[in-house]
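**Q** Starting from the known structure of chain A, arrange chain B on it as the hints suggest.
Number of protein chains: 2
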Amino acid sequence: MGRPILKVMITITTIKDMRDYSAEVRRNGKTIGFVPTMGYLHEGHLGLVRESVLTSFRTVASIFVNPAQFGPNEDLDKYPRNTEKDKELLEGVKADVLFFPSVREMYPEGYSTYVTVEGALTDTLCGALRPGHFRGVATVVLKLLNIVDPDRAFFGQKDAQQAIVIKRMAKDLDLRADIRVMPIIRDEDGLAMSSRNVYLSPIERAKATVIYKSLSAAVDLVKKGERSVREIKLAMSAMLEAEGVRTDYIAAVGADDLRPVEKIKGRTLIAVAAWVGSTRLIDNVIVER
Amino acid sequence: MGRPILKVMITITTIKDMRDYSAEVRRNGKTIGFVPTMGYLHEGHLGLVRESVLTSFRTVASIFVNPAQFGPNEDLDKYPRNTEKDKELLEGVKADVLFFPSVREMYPEGYSTYVTVEGALTDTLCGALRPGHFRGVATVVLKLLNIVDPDRAFFGQKDAQQAIVIKRMAKDLDLRADIRVMPIIRDEDGLAMSSRNVYLSPIERAKATVIYKSLSAAVDLVKKGERSVREIKLAMSAMLEAEGVRTDYIAAVGADDLRPVEKIKGRTLIAVAAWVGSTRLIDNVIVER
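Protein sequence lines correspond, in order, to chains A and B.
Under our numbering, think of the first position of the first sequence as 1, with each following residue one higher.
Under our numbering, think of the first position of the second sequence as 1, with each following residue one higher.
Isolated chain A (complex conformation) (with noise of 0.2 angstroms):
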């Protein structure tokens, strides 16, 4: 009598290897879900990958933080890390690879090669003021797509902008992927989950429970028949500012084209980059009249 064998998860690091390991997947015409990520996962990546276990044969999930998509005055060196971690948590929602390159493999010496969504996807929220910030997520999106060669992938409401930018991307560059936006997972106070969160002091983490409870305030607005932009980033900011939480931005825009409104009309992103202490967080609700 052994002990009873468990699936293991396993861990690859090289393009080659996970390209033939999806490719035989492939040739015995079975499925593959795929949920990138930057790692230090919370339940909202763990929601994704228990998404694509539902809905396909093999499931994929990436490790990479990826330097293409960071200013140079961001917080790339210490985007928080725990690999460890993060494989017991994929392990026990049953993920079976994770994909997990080296830059140096992602980004060999030489690499020149770059994917731009343009207009007004990108010009906007956090595109204008994160230059390059979506050039290199498309990038990496792109990158691995190509690798793992999924039938579907999953993404989080929670960037919003991103999810967009992303579909956008792989309409136009006729991928064969599925991409598929869950909703924002959020703790128990509303605040959105994220792998910034672990840079909150206990104080700034209570605080930041303000940014969930401003877009609350918007959809009660919408609700009770408020249709003016103004009116409702006012409100907004009024309440932000109570708390001394600086915006990035407070905007109302087009949920598929993120073009700026004026009335709330149609399906509507309202959303928020705000400053908790020197963490920057994003939350987003979406309206419809």
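Errors might be hidden in some of the hints.
For identical chains, the list gives no copy identity; a pair is met inside one copy or between any two copies.
Below, in silico cross-link-like pairs of lysine-lysine (DSSO-like), each with a Cα-Cα straight-line distance of 30 angstroms or less [to be verified]:
(1) K171 - K30
(2) K171 - K16
(3) K16 - K30
(4) K94 - K223
Because the hints were derived from the structure by calculation, they are not lab data.
None of these values were measured; they are calculated from a predicted model.
**A** Relative to chain A, chain B alone:
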């Protein structure tokens, strides 16, 4: 006794149908070779198709005059087209599929995504003179490779810089397809085959042979021991000027990195872009020592 059943090439015009065709071939474990063209086919293209037919179970050729790679003052509108003749030629060399999408199919309303290969590979030679040209080339080739999903794709060495840019992109973006570059096909008098040769009047056609003659002279000089790029370029420009052929550039660059060299050393690409009347022609040789 019916007539013999001939294998007839099929023409596909939609991305969906093309993708379905390729998925079916791959599901059966067979290989696909791909030859992207802008049509008005000549022996250079047909040689690529023959090579694909020899090496692959199915061969797809595409005809798409890609607006994204033409500058505002270039010859997009008058670029030569003759699709019926092209179909006959492709059938003659046993292509299985012609992929022939419309501009609207490839770049629908709202199209926003572009691929750039940055740095030395694109800011020199034709890239310096045709801003955005290689961005257009890289973007359409990536789209076509994603749609056709070939095991290998064939390009001509006549467009030397294009071939290097595409190889770089394919490597950087982890594309599955093997990029194969085939030798230049020339007319009896040495003129490199090009769809643009049709623009030449009989007198211009005779003058145009000086481009290859100047490259041959460069090869002879290198064989005789000349190493100075300055001397080689002087000899070439004297020949070209004697025929009244104006040059965009005469260049000697590393055959792989396209960096300018002063002495012939290792594999060196000697390339010419020249105007014969109002027609711009390019040609090149690789010398080694």
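**Q** Evaluate each hint against the coordinates.
**A** Now the hints, each set against the structure:
no.	hint	verdict
1	K171 - K30	both (23 angstroms within a copy, 26 angstroms between copies)
2	K171 - K16	both (26 angstroms within a copy, 12 angstroms between copies)
3	K16 - K30	both (19 angstroms within a copy, 21 angstroms between copies)
4	K94 - K223	neither (40 angstroms within a copy, 64 angstroms between copies)
Hint check: a violation occurs at hint 4 only; the rest are consistent with the structure.
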